[in-house]
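Peer 1: Here are the chains, one letter per residue:
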Amino acid sequence: MAGELSGILEHVDRISGLDLDGVEPTAHVVALENVLRADDPEPSLPRDRALEQAPDAVDGAFRVPSPQAQ
Amino acid sequence: MTSEALELTAAEAVRRIETGELSADEYSDAWAQAAGGDELNAFLWRADPEQPPVIAAAGPAADAQLRGVPIAVKDLFCTEDIETTAGSRILEGYRPPYTATAVRRLGEAGALLLGKTNMDEFAMGSSNENSGYGPVLNPWDRGRVPGGSSGGSAAAVAGRLAPCAIGTDTGGSIRQPASLCGIVGLKPTYGAISRFGMVAFASSLDQCGPLTRDVTDAALLLRAMEGHDRRDSTSVGVEGGVELPSREDLAGLRIGVARDFSHHAEGVEPGVAETFERSLRTIEALGATIEEIELPHAEHGISAYYVLAPAEASANLARYDGVRYGLRVNGDRDLITMYERTRARGFGPEVKRRIMLGTYALSSGYYEAYYGSAQKVRTLIAGDFDRAFTACDLIVTPTSPSVAFELGARTADPLAMYLSDYFTVPMSLAGIPAISIPAGLAEPPEGGTPLPVGLQLTAPAFAESRLLDAAYALERSLEPLPAASSQGASATGDPAEGRIPPGAAGSGGGT
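Line by line, the protein sequences give chains A and B.
By numbering that gives the first Met the number 0, the letter at position 1 of the first sequence is numbered 0, and the numbering carries on one by one without gaps.
By numbering that gives the first Met the number 0, the letter at position 414 of the second sequence is numbered 413, and the numbering carries on one by one without gaps.
Isolated chain B (complex conformation):
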């Protein structure tokens, strides 16, 4: 019973709980037990299985579409009286006085809080190696990264430690780890879901979204979370709501492929390119036509992003100064020394790097050349998508140029790490929705066990229903992946055991 329950999608579990075929208590117990066996360092905090916290009073039964479903929540979301670290030592022990709207809405739909997941510090990273609490391991191969920054959420779902999860995506932080872990990851349109209670990284780009086993579950979570929130003036919801996907084919749809922004782009691994080409044939077999489009400025996405996101981050992170919450160092010294020592000890190297980049880009004399220009490039990129969508209904690209890479492979070269988000950053800059779905397995360039490859579909702003429908039709035609836990971990033993710094897994674990 236990292992069978873990194989169900959230939607199917809810259905069986409603009909009485599945006991809600046994279902949540099974997941608490699974999460309790976390060997991937995916969780920073787990609920007490005997006493899972009530997120919010569930609404009327008709609205409780997630009744009984335990959810893994990225540790970037504030949860009332439950430690929220954003992956940073500067927030170690911080217990927020309120709960993020996205999490509260899941609670109102009947979901339970399973745990808080590990992440790159303040969501800055593409491998989860920037966490202040040790890296997360990829369940397909524990010697490899799960992607980031929502790596804990992705690894938890792929490793059968959680039925579904939520994360945040600023430049690819949901889609890229979903791709590297072989699951579904959706970044909705900017404004679809409230950002209230989400620890801010780059406010004009940050967006919450689901990481799930399949497309239907992604739609289910989006439907529960979307909507205007008076506490986030930029939240508007998805007009017309979100329908659960039902489309069986792609007949009549025009799917755009940009030559320079697809499998032909520089740096795309051969295995990823081959998998992408196979996906294009599946798309055509489902009745869609492939349209050649142009996205001439998309290649400048990374450059613009690494001005805009650090600039916003440098302002947002000014709040961590040892005064209102979190770490304080040298409180017995003068104020400036306290500020400096607190931030020097509390922030990790990547966060410091981005604060320096951001303050430099915003400084007098450089502002126009960097920040001003990057904002204009953002306009050009958004314009590219607008023009492309006059000739096609959806755009497809690989999600990530590579499959999951080995731990440590890119830590010495920040720019190589940043280029992991080559295909995901432009959509964030344009604010449009995109989803990564598993497209197959491919060997890494150096050979070895095949690893998941993601296919990214992109739609115009607020066209989530079109996006989910197409992803659903494709998901049913692409080859389903085997479970991750039956692949890497058990087959290769546990090569990475001991890589987690001592104490890291337990620092926020347990209850």
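Chain A extracted, bound-state conformation:
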């Protein structure tokens, strides 16, 4: 995989030959202004429903292994 990644990066490096001085970066292509909704509480996904697909859920929360090695 290392060889493949090098080949891809070599191709990507072609852009280093371009004169990019003074060019603005584009993060998003459509000119938009953010729209905020009114800050009114409304129902969202019920907790049980959100936990349904978890590999391990307990007491209304996701359970994960301890960060400490056992």
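Be aware that a few hints might be false.
[What the hints assert, rightly or not] Covered stretches of chain B, going by a simulated chain A footprint (3 or more residues, C-beta under 8 Å):
id: 1; region: 86 to 96
id: 2; region: 298 to 304
id: 3; region: 318 to 325
Derived from the structure by calculation, the hints contain no laboratory data.
Where a beta carbon is used, it is the ideal one built from N, C-alpha and C, also for glycine.
Position chain B relative to chain A; hints supplied.
Peer 2: For chain B alone, kept in the frame of chain A given last:
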């Protein structure tokens, strides 16, 4: 009756159902039966023909423009309580608690869910060979790829397993498989259709769109799906809505062709180049003028894309960590081991490759050189299109440099695979709409049965109506392709049978 119904476009079927010439039940039964005979590994899940799931309550009759039409949905779209894998083993068995807005809107227009289609894992690929559930076979020649990443959707429509389908396009994932399978594929303007409920790959590029038998059906599906959605702040819809196309000619239109970004580009197969030149003559015969334009930075599209898309993907895919849904491996060990083993086993090689590329491009010390520069190249490419559209109304290119290639031909060389999207990536970077329509058949370079070639038309942002109108006029003048199933499969026997890994076709199949 059955086989005749399968030959209708969705628009024509809806018309006949409305007038009573066609029974809605018989129509959907015929498609359920067709999808049930999938030998292409196009579907990962199929609805129970006796009890197709209700996607959403259909709206008022006047809005139900897709009433009774079964639709194949790429498995990247969340469907409530129906397995959604994004082609990945890490999401095997995942049943989302909600339905994607695009799918819900199709349901509100009266459409039925026919099945979920196979795809490259997390939409990363151009051949469908990166699926965690086995490759999809091209209905024109089962020894060849259908393109990707929406390969299941394209193969299902071309192979007469579905009347129409939806997919997603991040750098060509609708247009390229449409081209390789000989059907119509539309990538709308970024923001035309909500991304809510679409499993995220590269959020600034991902866009949903239709894969259909003809241009009118593409317009019909776009019309049902487009619009602002409060759940996707980047969705704006298509201003003025989408009209069904009706244009008979191209009189007065200026069609741009960039010399270095057309049939003369390096790596374009002779058959593709010849078909493209024929299309240019058809365009002129329809009354348009061909304008020479320049897209000097388009050739750098692939380089910029393979920084930006993996960078966004590496962030988006951080969520698959064995905590909230999907696979968990070694949950009895410590947290970091669980994370590492889960991702090592759940992701396929291409996904790992892109996560590594993306995290590398975003890492301290390399960020400016890679991500920063790629964002600037994106500006230059968008600027090329802006300037070009002052001199022309639409731009045409081949959709793909090649016809469908053989299974395995590019799997050992990721860069060769990436270059399959040479003509489709720049439009994604610029966020502008583009459509691939079948332009004819051409022999592959090594000879053999002729295979479909696509023509790509590109328009300025939100000029979908102009794009569809021109594609419609052209579609009626270009030679119609024969049905795929009467070509490859039956003529050449079934050379690829057995190529699908055991269990792959059935793993998500049935109901």
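Peer 1: Run every hint past the structure and note whether it holds.
Peer 2: Results of checking the hints against the structure:
1. Check on the region 86 to 96 of chain B: 4 of its residues sit with their Cβ under 8 Å from a Cβ of chain A, so the three-residue criterion for coverage holds.
2. Counting residues of the region 298 to 304 of chain B whose beta carbon lies closer than 8 Å to any beta carbon of chain A gives 4, which meets the minimum of three for the stated coverage.
3. Coverage of a stretch by a chain is defined here by at least three residues with a beta carbon nearer than 8 Å to that chain's beta carbons; for the region 318 to 325 of chain B and chain A the count is 5, and the condition holds.
Violated hints: none; the structure is consistent with every hint.
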